[in-house]
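Quick mapping for you: the protein sequence lines, in order, are chains U and Y.
Going by numbering that gives the first Met the number 0, the residue at position 18 of the first sequence is 17; the numbering climbs one at a time, nothing skipped.
Going by numbering that gives the first Met the number 0, the residue at position 181 of the second sequence is 180; the numbering climbs one at a time, nothing skipped.
There's no promise every hint is true.
Short derived list, chain Y residues pointing at chain U, Cβ under 10 Å [said to hold, decoys possible]:
id, residue
1, Arg18
2, Thr22
3, Phe62
4, Arg63
5, Tyr107
6, Asp126
7, Asp127
8, Glu144
9, Pro219
10, Leu232
11, Asn235
Computed footprint of chain U on chain Y, listed as stretches where at least three residues anywhere in the stretch have a Cβ under 8 Å from a Cβ of chain U [unchecked claim]:
id, stretch
12, 43 to 50
13, 71 to 82
14, 95 to 101
15, 147 to 156
16, 186 to 193
For the record, the hints were derived by calculation from the structure and aren't laboratory data.
Here a beta-carbon is modelled for each residue, glycine too, at the ideal position from N, C-alpha and C.
Number of protein chains: 2
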Amino acid sequence: MSRSQPTPPAAAPAAKPSRAQRTRERILKTSLDLFNTYGEAQVTTGHIADELNISPGNLYYHFRNKEEIIQHLFRVFEQQIDVAPNLEKQAEEGIGDVGAAMEDLWLYLHLVFEAIWTFRFLYRNLDDLLARDAKLKSHFNRIVEHKRKSVVTLCGGLIAAGAMRAQPDEIKALAENILVVATYWLNFQHIAQRQVFRADLGEQEDLGRGVFQVMALVAPYLVGPAREHLDHLSRNYID
Amino acid sequence: MSRSQPTPPAAAPAAKPSRAQRTRERILKTSLDLFNTYGEAQVTTGHIADELNISPGNLYYHFRNKEEIIQHLFRVFEQQIDVAPNLEKQAEEGIGDVGAAMEDLWLYLHLVFEAIWTFRFLYRNLDDLLARDAKLKSHFNRIVEHKRKSVVTLCGGLIAAGAMRAQPDEIKALAENILVVATYWLNFQHIAQRQVFRADLGEQEDLGRGVFQVMALVAPYLVGPAREHLDHLSRNYID
């Protein structure tokens, strides 16, 4: 399920990418790896060019500066985290199978955590990064508000399906807590020096712990088969 | 309830602080203000000396470098966030008045958020700061683990008093979510450009929103009068 390399849009022609396009992609990929490994603040365009064995001039031909590289990476992140554009629509139209809805939600959150993991450098010093770039900040907040709306709509769908019991005030507070935990859980693990990526378990299992933490926020409001199904899905993360 | 200036320990002699002690205190206070306003990364010892109208040499007489100032500020923070050293003991000995326990908990969380607010620069780029200083990192994680233990003990006390219903697994997940929300809520507000400090409301009311968010995590597990009392305390933060 590696998503670190952006796939071209479906409508793109199948033409072979040009040499310039390939270099551009390599710069983005290498920058992402270096930012994630060393922290964005510690990496210069010089380091990136060096790692790629290209001249700084060649790099500047593709990207004027580091900020432009970050902006491009952020755009890919923005596409990737928009994992289920139809989620709200589905919830509005009515949830038929509550068990399937729980599994969809689990998968959805997993894809969100994968996007955060892939672009984790963005979250390491989010405050500095967004303070430096107003456009990035407004895009980030747009993502957050979109996710907040999705949570509220989804809770509405679960309530309509008889799978959740919660007052509008509770949903509002729940949505805020879901956003805080989803945004910072990975960072919190990093600070506590807990290994999130473990070669023996694979990336997936440990990111599942983040999904479990978010689902634990929702769990007390679920009733009947939805709650049972969630408890079943959560079992692997309880020790 | 302003706590931005550390008070001397109660046992200290009432002797007037020396000129050197006063300069030292002024350096710490000014550094804290500058770090909070501009971000720690943007402030040099030169800026601090400048703001205080003292020579860099004078500053270096008191603190060898910026890291030493940060370490001292962190120590004050560490003392301040240890707001209720007897909280665990009280919970272990048995909670008599559940309503009073809810109010104590609310006040306790308020003091925690005040400490985080006073030293908010630490939280802005926590990852960078802790990556640079292993001692700071280990102290920070010690605080986190101590708070985690307090939460678990407190939940045990509430369960024994018949005020909470939760399984050990639920308490474990709840404690983790409480720590993530308490650690990052203020930061999340800052990124979303929500004003936390509002002159018209005073500092207290808005930090109360953070307390409300943490209490909202606990609420679904409370039963009977404890739940009613919490709903009463929360009413101001629901709109």
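task: Hold the hint about asparagine 235 of chain Y up to the distance rule: shortest CB distance to chain U must be less than 10 Å.
output: violated (12 Å)
- request: Given that the stretch 186 to 193 of chain Y was listed as covered by chain U, double-check it with a C-beta distance under 8 Å for 3 or more residues.
  value: holds (count 6)
- prompt: Per the CB criterion, is tyrosine 107 of chain Y less than 10 Å away from chain U?
  reply: At 19 Å from the nearest chain U Cβ, tyrosine 107 of chain Y fails the 10 Å test, so the hint is violated.
- prompt: Minimum Cβ distance from aspartate 126 of chain Y to chain U below 10 Å?
  reply: holds (5 Å)
- prompt: Is the interface hint for threonine 22 of chain Y satisfied, with its Cβ closer than 10 Å to some Cβ of chain U?
  reply: Because about 31 Å separates threonine 22 of chain Y from the closest Cβ in chain U, which is outside the 10 Å limit, the hint is violated.
- request: For the hint on arginine 18 of chain Y, just tell me whether its beta-carbon gets within less than 10 Å of chain U.
  value: Where the cut-off is 10 Å and the nearest Cβ of chain U is about 37 Å from arginine 18 of chain Y, the hint is violated.
- prompt: For the stretch 43 to 50 of chain Y, does the count of residues with a C-beta closer than 8 Å to a C-beta of chain U reach 3?
  reply: With 0 residues in contact (Cβ-Cβ under 8 Å with chain U), the coverage given for the stretch 43 to 50 of chain Y is violated.
message: Take the shortest C-beta to C-beta distance between aspartate 127 of chain Y and chain U; is it under 10 Å?
response: holds (5 Å)
- request: Using 10 Å as the Cβ threshold, decide whether glutamate 144 of chain Y counts as touching chain U.
  value: Status holds, d = 9 Å.
Verdict on chain U covering the stretch 95 to 101 of chain Y, criterion of 3 CB contacts below 8 Å: violated (count 0)
- prompt: Against chain U, with CB atoms and a cut of 10 Å, does the hint on proline 219 of chain Y hold up?
  reply: Constraint on proline 219 of chain Y satisfied, holds at 4 Å.
- request: Count the residues of the stretch 71 to 82 of chain Y whose CB lies closer than 8 Å to any CB of chain U, then report whether that count reaches three.
  value: violated (count 0)
Going through the hint list in order, the structure does not satisfy hints 1, 2, 3, 4, 5, 10, 11, 12, 13, 14, 15.
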